[in-house]
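Novice: Go by the hints and put chain S onto chain W.
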Amino acid sequence: MLRFFVRRFAGMIGILLVISLITFYLFFAASGPDDVVQMSCGRFCTEEAKAGVRHDLGLDKPFFEQYWVYMTGIVMGRDIGDRSCSAPCLGYSFSSREPVTERIQNGFPTTLSLAIGAIVLMILIGVGLGVIAAMKRGTRTDKVLTTVAVVAGAFQIFILGPLLLLIFVYETELMDLPKYYAFTDNPGKWATGLILPWICLMVIHMAMYTRLTRSAMVDALNDDYVRTLRAKGLSKRDIYIKHAFRGALSPVATILGIDIGILMAGTVITEFTFSLNGIGRLAVLAVEDSDLPMMMGVVLVAAAITIIANLLVDVAYAVIDPRVRLY
Amino acid sequence: MKSSDPLAKADSTAADAAPAGDKPRSSFLSVRDLHVRFTTLDGIVKAVDGLSFDLERGSTLGIVGESGSGKSVSSLAILGLHNPKKTVIGGEIHFDGVELTKASENEMNKLRGRRIAMIFQDALAALSPFYSVGEQIAETYRRHMGASRKEARQRAIDMLGRVGIPNPERRVDDYPHHFSGGMRQRAMIAIALACNPDLLIADEPTTALDVTVQSQILDLLGDLQSEFGTAIIFITHDLGVIAQTADDVLVMYAGRCVEKGTVREVLRDARHPYSWGLLSSVPDLGGDVDIPLRPVRGTPPSLLSPPPGCPFHPRCDYVARVGDDACKTSRPTLTLADGRGSACHLTADEKAEIFATEVRPLLR
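In order, the protein sequences belong to chains W and S. Okay, so the first sequence: first residue is 1 according to this note's numbering, each after it adds one. Okay, so the second sequence: first residue is 1 according to this note's numbering, each after it adds one.
Chain W with its partners taken away, still in its complex shape (with noise of 0.2 angstroms):
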């Protein structure tokens, strides 16, 4: 178990510094720096000036030492010109000259806030209906659900976002557009502010559930062992829920690993949708900006929140099935 977690510790940091090292070469190979030191500069600029900018930026060293400079500055810390820059520090933007880490930090628990409630809501909604469809599979109720499911899932958020906008914050007004409040300062705020954006992410997102949950628990069903349990006399419930229920869990832990992945690294369309400022934002503008320190720190704090949801996911794979151990 220990040594499980070891090696998928050090898998990690290996997957990190791959990602860290293709984005920052990659920044590079697209002219980032370029860009960068033309918008810093201005239209009319002469090349000292912009050699300042790049000196000032630090591009002007080699491509090595600059990768060198940034990865030792997230784990002990650095000074970028007079300002010092602690521990885990992923730079100051291009841009705003403001830390990374802080700015991740601020956009972090609308993410996060927004993944929760998404993920709530999809096992809910999703793996209920689909728990249902799969008691009642071959009723009028299962084909209303399975349709139900992938007719919601044909949406897009750019088209379900501004259509519940419309209806309810600016025809009906019963809502006012979504805002994020810390859930620490408010709960109920924090809900109702973040409620439109996840009821977008769960329908978009529940038909996967609903379909694999459906899919699973009938397959379950099928299995020799679920004979037993009638033979054994247990009622319907138990048949169902505790034992063909827990059978369909491993593929739903799959598809949710991925998804938390997805949801926690960013819902662009959803924050720019919903006008929040979450990492998702936050990525675009980096990009746009060819703000490098900007994007390499979403990038690994993306990465690193999709590494470890999918070591949950494995984790969770040998919780829901005793068969699996942890190697």
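Since the hints were derived computationally from the structure, they do not count as laboratory data. Idealized CB from N, CA, C, for every residue including glycine. Accuracy of the hints is not assured; some may be wrong.
To be verified - If the Cβ cut is set under 8 angstroms, some of the chain S residues that face chain W in the computed set are:
hint, residue
1, Leu79
2, Leu111
3, Arg112
4, Gly113
5, Met118
6, Asp122
7, Ala125
8, Ala126
9, Thr140
10, Arg143
11, His144
12, Tyr175
13, His177
14, Phe179
15, Ile191
16, Val211
To be verified - Heads up, simulated DSS-like pairs for lysine-lysine below, C-alpha to C-alpha not over 25 angstroms straight-line:
hint, chain 1, residue 1, chain 2, residue 2
17, W, Lys61, W, Lys50
18, S, Lys110, W, Lys242
19, S, Lys351, S, Lys328
20, S, Lys85, W, Lys236
21, S, Lys85, W, Lys136
22, W, Lys236, S, Lys150
23, W, Lys236, S, Lys86
24, S, Lys110, S, Lys86
25, S, Lys110, W, Lys236
26, S, Lys102, S, Lys85
27, W, Lys242, W, Lys143
28, W, Lys136, S, Lys110
29, S, Lys85, W, Lys143
30, W, Lys236, W, Lys136
31, W, Lys236, S, Lys102
32, S, Lys150, W, Lys242
33, S, Lys46, S, Lys86
34, W, Lys136, S, Lys86
35, W, Lys143, S, Lys86
Specialist: Structure of chain S alone, referenced to chain W:
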């Protein structure tokens, strides 16, 4: 075993139910003209076609036949486990005064696992991989006996000990994949016997096991039967197992009973060409290794379109001995005298003669 209260309760309820009061003449389990038909895309499969038998408390009926002869299908019909949408069940199944084919799903569910239990062939597939063996025993006990978690767990430990699993207190929390094949089958038996059922249906419980373990399991079933007076239906294709366990034998072919009698009668004085084929296909381990095996030639008939007349006639060596091509046109009926009989057009004398001259010499 006298440790906990629910246990005593289980034992006493089983004992109270013993005399079937109002219907003294009828058997404990009586199956009459059972038909099981499946609707498939290709047509209607007559999996069981007019099966009748009786079984008394404490005795064992062996059902023998090839795959697809309707052995398992009939036993699943007794438990009412067929999908009602795809299956038509006809005939009557009387269990201790209850007509099972007419019983509601709710009534059946109270019998299943409580008074009628079943052991399946492949214990690894038949046990849930997600729950410990102990939990799978305990959940049945909780369900039927209203026992608490603690009582049920104790019952699980007791049952594991009783079926011969060493260290039951420790093994109770193990999962089926931690068990060996023989231990898994023992665990299946522990589950089936958790509520002291009156009828146990064992569907090829030893087929997946090696002979040593097989013999241990059979001994165990025998011990438990004499301890609790459980009636057992033993389904198998292994005549050795039948010889070791059964009181009466029923030979099935193409969904019908072709021969019935006591184990001695059927194994030592068989009256049906199919039974002869089964008997002579058992290899003689003491004999010359160069003697080829003698399988029953041909393949089992399609139950979608069974052959006309006697369903066994395409594989039978004695069709020519019966006049008027009767085997190909008319289906022989099973006539029983004193629970003994066979469904074959040969006359009694012919059967006795053929068995004596052609079959007996091949037997050990």
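Novice: Hint by hint, note whether the structure agrees.
Specialist: To see whether the hints hold, each was checked on the structure:
1. Leu79: 6 angstroms, holds
2. Leu111: Status holds, d = 7 angstroms.
3. Arg112: 3 angstroms, holds
4. Gly113: At about 4 angstroms, which falls below the 8 angstroms cut-off, the nearest Cβ of chain W leaves the hint on Gly113/S intact, so it holds.
5. Met118: 4 angstroms, holds
6. Asp122: Since chain W brings a Cβ to about 7 angstroms from Asp122/S, closer than 8 angstroms, the hint holds.
7. Ala125: 4 angstroms, holds
8. Ala126: This interface hint holds because 5 angstroms falls under the 8 angstroms limit.
9. Thr140: 5 angstroms, holds
10. Arg143: Status holds, d = 6 angstroms.
11. His144: Cβ of His144/S sits 6 angstroms from chain W, so the hint holds.
12. Tyr175: 5 angstroms, holds
13. His177: Holds: closest Cβ of chain W sits about 5 angstroms from His177/S, inside 8 angstroms.
14. Phe179: Nearest chain W Cβ about 12 angstroms off; hint violated.
15. Ile191: 7 angstroms, holds
16. Val211: 24 angstroms, violated
17. Lys61/W - Lys50/W: Holds, at roughly 14 angstroms.
18. Lys110/S - Lys242/W: The hint holds at about 19 angstroms.
19. Lys351/S - Lys328/S: 18 angstroms, holds
20. Lys85/S - Lys236/W: 17 angstroms, holds
21. Lys85/S - Lys136/W: 14 angstroms, holds
22. Lys236/W - Lys150/S: Holds, at about 23 angstroms.
23. Lys236/W - Lys86/S: 19 angstroms, holds
24. Lys110/S - Lys86/S: Since the Cα atoms of Lys110/S and Lys86/S sit roughly 23 angstroms apart, the hinted pair holds (cutoff 25 angstroms).
25. Lys110/S - Lys236/W: 12 angstroms, holds
26. Lys102/S - Lys85/S: Holds. Lys102/S to Lys85/S sits at ~15 angstroms (cutoff 25 angstroms).
27. Lys242/W - Lys143/W: 24 angstroms, holds
28. Lys136/W - Lys110/S: At roughly 23 angstroms apart (the allowed maximum being 25 angstroms), Lys110/S and Lys136/W satisfy the hint.
29. Lys85/S - Lys143/W: Roughly 18 angstroms between the alpha carbons, so the hint for Lys85/S and Lys143/W holds.
30. Lys236/W - Lys136/W: 12 angstroms, holds
31. Lys236/W - Lys102/S: Holds. Lys236/W to Lys102/S sits at ~20 angstroms (cutoff 25 angstroms).
32. Lys150/S - Lys242/W: 19 angstroms, holds
33. Lys46/S - Lys86/S: 12 angstroms, holds
34. Lys136/W - Lys86/S: 16 angstroms, holds
35. Lys143/W - Lys86/S: Answer holds: Lys143/W to Lys86/S is near 20 angstroms, not above 25 angstroms.
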